[in-house]
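Let the hints inform the model, and build the full structure from the sequences given.
Residues 477 to 538 (the numbering used here) make up the sequence shown, in order.
Honestly, the hints are just simulated from the structure, not real lab data. Mixed in with the good hints, there may be bad ones.
Here are the simulated distance ranges between beta carbons [as the list claims (entries may be wrong)]:
#1 523 <-> 488: 42 to 52 Å
#2 491 <-> 519: 37 to 47 Å
#3 524 <-> 491: 48 to 58 Å
Heads up, the beta-carbon is just placed ideally off N, CA and C, and yes, glycines get one too.
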Amino acid sequence: MSLPVDPRWISHRPDREESMAALAAGLGVGLVVGGAVFYLARLLLAREPLLPAPVRGEREAE
Numbered sequence: 477m478s479l480p481v482d483p484r485w486i487s488h489r490p491d492r493e494e495s496m497a498a499l500a501a502g503l504g505v506g507l508v509v510g511g512a513v514f515y516l517a518r519l520l521l522a523r524e525p526l527l528p529a530p531v532r533g534e535r536e537a538e
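What follows is the structure, given as structure tokens:
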């Protein structure tokens, strides 16, 4: 039982519609990932610094 050897499927060239779909998908994924990274960076940079808990018996410096 021999399978037919047809190399046409290997050299498939995408048409314009497939190329545009791939471009749109790539840009969409890039924008979503970039937006998420930008949002998380803003959250981390905008938070107030954590202060150490006061030690029992010490007064706050005024």
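Hint check:
no.	hint	result
1	523 <-> 488: 42 to 52 Å	holds (50 Å)
2	491 <-> 519: 37 to 47 Å	holds (43 Å)
3	524 <-> 491: 48 to 58 Å	holds (54 Å)
Hint compliance for this structure: no hint is broken.
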